[in-house]
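**Student:** Take a look at the letters that make up each chain.
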Amino acid sequence: QVQLVESGGNLVKPGGSLRLSCAASGFNFGDYYMSWIRQAPGKGLEWVSYISHSGPNIYYADSVKGRFTISRDNGKNSLFLQMNSLTADDTAVYYCARDEKWGSLDHWGQGTLVTVSS
Amino acid sequence: QSALTQPASVSGSPGQSITISCTGTSSDVGAFDYVSWYQQHPGKAPKILVYEVSKRPSGASNRFSGSKSGNAASLTISGLQAVDEADYYCSSYTTSSTVIFGGGTKLTVL
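Note that the protein sequences, when read in sequence, are chains A and B.
My numbering numbers the first residue of the first sequence as 1 and each following residue consecutively.
My numbering numbers the first residue of the second sequence as 1 and each following residue consecutively.
Just chain B, same shape as in the assembly (with noise of 0.2 Å):
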C-alpha cells in the first residue's frame, strides 16, 4: 500500500496560518475517522497533535487543528511560531486494519 500523499514542503512567516493536506483512498482516509497528526523535530520522537481528524490530546495547543473532506485530511497551523519548525506526519487506519503515514512534510517558518 503506498503511503499517503503530503507536499514535500510548505513555509510560512510569524504569525500566519499554513495547512497541510493529506491524500489517500476510499481505503484509508476516506474509510474512517481514524486520522492522526504528528510532529517530529529534527532527532526526537513523533508527537501526535490531532487524533480522530480533528481531536487534540490533552497539552497539544489548540493552533493545531485537523479537518477532513472525501479522501484528503489536513492540518491547519494559526499563529505560526518559529517552534513549529519541524517535520508533520499524517497517518491513517485501513480497510485492512493497518496503519499508514503520509510522506512526512518539512514546515519551514521564514
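So that you can see chain A by itself, here it is in the shape it has in the complex (with noise of 0.2 Å):
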C-alpha cells in the first residue's frame, strides 16, 4: 500500500534553516508530481509546492517563494524540502502528499512538525 513518511521537524530558530524529508513506498514515485502542503496551528491547509517527476516543473507559493527549495530523489524514492531564512510564519506541520493529476492530492502521509521560535 502507498506510504508517505516525512521527517525532519524541528524546533529552530528564527533565520534558521531544516530540511525535510518524505520517504516514499508502495508506489513507482518516479510516476508522480510530488506535493508539500502545510497547516499552521489551527489553521487551514496552504499548498507549498510541487515537482514534476523528474522535476523539471516546480511551482512554488508565493510566500515560500525563494526562500524553500523542493527535490526529489527517484533512485532513493524520496521527497525533500530545503527550507530557509524561517520565520514564525512557517510554524506548521508540513505534510508530503502524492499528486495523482493537477492537484489531486490523493495520499498523505502523517505529517512533522516545523516549529520556529526563538
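Any given hint could be a false lead.
Estimated spans, in silico, between C-beta atoms of each pair [claimed, not checked]:
| # | chain 1 | residue 1 | chain 2 | residue 2 | range |
| --- | --- | --- | --- | --- | --- |
| 1 | A | ALA40 | B | SER58 | 26 to 34 Å |
| 2 | A | ALA40 | B | SER61 | 28 to 36 Å |
| 3 | A | SER117 | B | SER78 | 40 to 48 Å |
Hint data in this document are derived by calculation from the structure and do not stem from the laboratory.
Small disclaimer: the values here were computed from a predicted structure and weren't measured.
Built from N, CA and C at the ideal position, the CB exists for glycine as well.
Got two chains here, separate frames each, mind docking them using the hints?
**Tutor:** Next up, the structure:
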C-alpha cells in the first residue's frame, strides 16, 4: 500500500534552516508529481510546492518562493524540502502528498512539525 | 492569491444532506475541472474525497459527491453520519500552475 513518511521537523530559531524529507513506498515514485502542503496550528491547509516526475517542473507558493527549495531523488524514493530564512509564520505541520493529477492529492503522509521560535 | 472561499461552519442532523460551497475565480475553479475535496479529522492527515470536480477515488463513500458551476464548486454529503464530523477543504489547480486551498469548513453533526 502507498506510504509516505515525513521526517526532519524540529524547533528552529528565526532565520534558521531546516530540511524535510519524505520517504515513499508502495508505488512507483518516479511516475508521480509530489507536493508539500502545510498547516499552521489551528489553521487551514496551505499548498507549498510541487515537483514533476523527474524534477524540471517546480512551482512554489508566493509565501515561500525564494526561501524554500523542493527536490526529489527517484532512486531513493524520496522527496525533500529545504527551508531557509525561516520565520514564525512558517510554523506548521508539513505534509508530503502524492499528486495524482493537477493537484489531486490522493495520498498524504502523517506530517512533521516545524516550529520556528527563539 | 487569496484562498478559495468556504463557509466557516455547517451543521446537519444524522440522515440529512448538507452542501459545502467553494467559491473561486476564473483563474482557478472556473478555469479547470481540477477541483478536489478533502476531509480532515482532528489530529489526522487530510483524506481525498473527490477529485476533478466529481470523481471519487476508489474506497471513497458514494455519500460524497461534487459538482461545479462557473467559479463555484460544491460538496454534498448525503445520509449524514456522526463519523462525518470533521473539517472539509476544497482545492483547485490555477492558471499560474499552482494549487490553492479553501479556508476550510467545520461540519458539525447535531
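**Student:** Compare the structure with the hints numbered earlier in the document and write down the numbers of the violated ones, lowest to highest.
**Tutor:** The structure breaks none of the hints.
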